[in-house]
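Build out the structure end to end from the sequences listed, making use of the hints.
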Amino acid sequence: AQSVTQLDSHVSVSEGTPVLLRCNYSSSYSPSLFWYVQHPNKGLQLLLKYTSAATLVKGINGFEAEFKKSETSFHLTKPSAHMSDAAEYFCVVSDKGSGTYKYIFGTGTRLKVLA
Amino acid sequence: DTAVSQTPKYLVTQMGNDKSIKCEQNLGHDTMYWYKQDSKKFLKIMFSYNNKELIINETVPNRFSPKSPDKAHLNLHINSLELGDSAVYFCASSPTGGSYNEQFFGPGTRLTVL
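Here the protein sequences come in this chain order: A and B.
Sequential numbering from 1 applies to the first sequence in the numbering used here.
Sequential numbering from 1 applies to the second sequence in the numbering used here.
Keep in mind the hints are simulated off the structure, nothing from the lab.
As the structure is a prediction and not an experimental result, all values here were calculated from the model.
Even for Gly, the Cβ is constructed at its ideal location relative to N, Cα and C.
Warning: the hint list may mix true and false statements.
What the hints assert, rightly or not - Okay, the calculated beta carbon distance ranges per label pair:
no., chain 1, residue 1, chain 2, residue 2, range
1, A, Thr77, B, Pro61, 16 to 26 Å
2, A, Ile60, B, Lys22, 27 to 37 Å
3, B, Gly16, A, Glu66, 42 to 52 Å
4, A, Ile60, B, Thr13, 17 to 27 Å
5, A, Ser26, B, Glu58, 13 to 23 Å
Here you go:
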C-alpha cells in the first residue's frame with residue numbers, strides 16, 4: 001500500500017517570504033501525487049498534481065512542487081507567501097486498492113502567514 | 001452552478017438518532033466518494049461509487065449506509081448516531097476512478113452528535 005508523510009504539522013512564515021511544505025511518499029510503483037488546500041470551514045481545492053509527465057509541476061496561486069524519485073519527495077513551494085495562503089495543506093497519493101484507485105491523505109500541514 | 005453540493009451544511013442531533021446527508025454533482029462524473037474528516041483534520045475515505053455501483057467500502061460501521069439513486073447523487077445515511085460520529089463529512093466526485101484523476105470536493109457537512 002502507498003502512503004504519504006507530511007513532515008511538519010505546522011509551518012509559520014512571514015508575508016513575502018518563501019513557503020516550503022514537505023511531503024514524502026512511499027510507493028511500490030510510479031505514483032500519482034496531489035496537493036490540496038483547505039481554507040477554514042471550506043472544502044478542499046486542488047493546487048496541483050503529478051502524473052509522471054514533468055517532474056516540476058506548476059499549480060494555482062503561484063504554487064509548485066517537484067517530484068524527486070531519488071528522495072521519494074513531493075515538496076510544495078511558493079516564492080512569496082500571501083496572507084490568503086493561510087490554510088491547511090494536504091499531500092495525497094492515489095493508491096490502487098482492490099481493483100480501483102483511492103486517495104490516501106497525509107496528516108496535513110497548517111500554514112500560518114505572519115504580517 | 002455549484003459543482004459538488006452537500007446538504008445540510010450543519011447537522012446537530014442527539015445520540016441514537018438517524019440522519020442523512022445528501023450529495024449532488026453536476027460535473028457529469030462517473031465516480032463519487034464519501035470522506036470523514038476528524039477533529040484533527042485527518043481525512044479518510046469511507047465509500048466510493050462508480051455509476052451507482054459500490055466499488056470502495058472501507059472499514060466503516062454498518063450503521064453507515066451509502067445510497068446512489070443515480071450517478072449524480074450519493075447520499076449517506078447514518079443509523080443510531082454515536083458521539084464518535086461527530087466529524088466533517090465530505091462528498092467528492094471524479095471523472096473515473098483512475099489514479100491521475102482529480103477529485104472535486106463539496107463544502108462539507110459538519111455533524112455534531114450530542
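To see whether the hints hold, each was checked on the structure:
1. At about 40 Å, the beta-carbon gap between A/Thr77 and B/Pro61 misses the expected band of 16 to 26 Å.
2. In this structure the hint that A/Ile60 and B/Lys22 lie 27 to 37 Å apart at CB holds, the actual value being about 29 Å.
3. Evaluation of the 42 to 52 Å hint for B/Gly16 and A/Glu66 yields a pass: the beta carbon distance comes to about 50 Å.
4. Take A/Ile60 and B/Thr13: their Cβ atoms lie about 37 Å apart, and the range 17 to 27 Å is violated.
5. Hint check: A/Ser26 to B/Glu58, Cβ distance near 19 Å, so the stated range 13 to 23 Å holds.
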